[in-house]
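With the hints as constraints, model all of the structure from the sequences given.
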Amino acid sequence: MSLGRLARSGFTNTTITNPNQDHLKKNRTVVDLGDGSDVVYVARFLSPDRSWEWFDYLDKRIPWTRPSIRVFGRSCVQPRDTCYVASEEVPELKYSGYQPHAYSWDDFPPLKAILEEVHEALPGSSFNSLLLNRYKCGSDCVGWHADDEKLYGPTPEIASVSFGCEREFLLRKKPSKTSQEKASSSTSKGLKTKRPNQHQFMLKHGSLLVMRGYTQRDWVHSVPKRAKAKAVRINLTFRCVLTEI
1 MSLGRLARSG
11 FTNTTITNPN
21 QDHLKKNRTV
31 VDLGDGSDVV
41 YVARFLSPDR
51 SWEWFDYLDK
61 RIPWTRPSIR
71 VFGRSCVQPR
81 DTCYVASEEV
91 PELKYSGYQP
101 HAYSWDDFPP
111 LKAILEEVHE
121 ALPGSSFNSL
131 LLNRYKCGSD
141 CVGWHADDEK
151 LYGPTPEIAS
161 VSFGCEREFL
171 LRKKPSKTSQ
181 EKASSSTSKG
191 LKTKRPNQHQ
201 FMLKHGSLLV
211 MRGYTQRDWV
221 HSVPKRAKAK
231 AVRINLTFRC
241 VLTEI
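Numbering (full-length UniProt numbering), first residue to last: 1 to 245.
To be clear, the hints were calculated from the coordinates, so they are not data collected in a lab. Computed from a prediction, not measured in an experiment: that's the story for all the values here. Take these hints with a grain of salt, some might be off.
[Stated by the list, open to error] Pairwise CB distance ranges, derived in the manner of DEER restraints:
id : residue 1 : residue 2 : range
1  : S139      : Q99       : 40 to 50 Å
2  : K150      : S222      : 17 to 27 Å
3  : A113      : N27       : 32 to 42 Å
4  : A113      : P63       : 27 to 37 Å
5  : D32       : L242      : 25 to 35 Å
[What the hints assert, rightly or not] List time: in silico BS3-like cross-link candidates among lysine-lysine, alpha-carbon distance up to 27 Å:
id : residue 1 : residue 2
6  : K174      : K60
7  : K136      : K225
8  : K94       : K150
9  : K150      : K173
10 : K225      : K174
11 : K173      : K112
12 : K174      : K112
13 : K94       : K136
14 : K225      : K60
Ideal placement from N, C-alpha and C gives every residue a C-beta, glycine not left out.
In structure tokens, the structure reads:
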């Protein structure tokens, strides 16, 4: 199947309905986050053999870089390696004061094959950019954040494919003004507040996690440091960047 046929328009909520991969339905978990947001997790999205084959390619052939970024006005080295791939029509990406070079899909043919697998699993999706991250050990991480930039639109669908070492993926609901006021009041009175609504996923080798709806508006996510994580993890996050904002 060509990428031209895969370039479908629109990125509304989708379901796992690939007739050629019935195991996706059997192995998926859907978490309803409420208010028009949900997360789909498929632990066995790709076969182990193919996953290891792609892991080796990604680890050795991708031109990884570990850039300097700005966080809260201070310069620091990003705690993970990264690379960026995008279609020609996609606007330049910039985050935390860093603007990565945008490689072409044709530079890395296996990425097009993985993209095809993701598109087949998510009918109606149309991803045109890919941010790759490599976590070399347990001290590599990504802090709490939301991919809520305007270039992704109000209800972005973000598909994340993981390879290698298993790592925890955490989701935490953003506090509302009302909850912040209650927490401030309780703290001032010496009362303990409840832990915010949070979900945890163990991202396995060859797994797929999809965030949909208003997840980026209402939730933040992270991959925390873990001392027990001794091996490399590689993560591919497919996104649809709006070409006209």
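Does K174 pair with K60 here, judged by a C-alpha cut-off of 27 Å? This hinted pair is violated, its Cα atoms lying about 37 Å apart.
Regarding A113 and P63, is the given constraint of 27 to 37 Å on their beta-carbon distance met? Taking Cβ atoms as reference, A113 and P63 lie about 19 Å apart, which means the hint is violated.
Given the proposed pairing of K136 with K225, does the C-alpha separation stay at or below 27 Å? Since the Cα atoms of K136 and K225 sit roughly 11 Å apart, the hinted pair holds (cutoff 27 Å).
Are the Cα positions of K173 and K112 separated by 27 Å at most? Status violated; Cα separation ~33 Å.
For the pair we were handed, K94 and K150, check the Cα-Cα distance against 27 Å. holds, 12 Å
27 Å limit on alpha-carbon distance, applied to hinted pair K174 and K112: Given that 27 Å is the threshold and the Cα spacing comes to 34 Å, the pair is violated.
For the pair supplied as a hint, K225 and K60, is the alpha-carbon distance within the 27 Å limit? holds, 24 Å
Pairwise beta carbon distance, D32 to L242, judged against the given window 25 to 35 Å: This hint holds: roughly 26 Å between Cβ atoms.
Would the pair K94 and K136 pass a check requiring their Cα atoms to be no farther apart than 27 Å? holds, 23 Å
Return holds or violated for the Cβ distance of A113 and N27 against the range 32 to 42 Å. Taking Cβ atoms as reference, A113 and N27 lie about 21 Å apart, which means the hint is violated.
Regarding K150 and S222, is the given constraint of 17 to 27 Å on their beta-carbon distance met? This hint holds: roughly 22 Å between Cβ atoms.
Proposed proximity, K173 with K150 (alpha carbon, max 27 Å): holds, 20 Å
Of the hints listed earlier, those the structure fails to meet are numbers 1, 3, 4, 6, 11, 12, in rising order.
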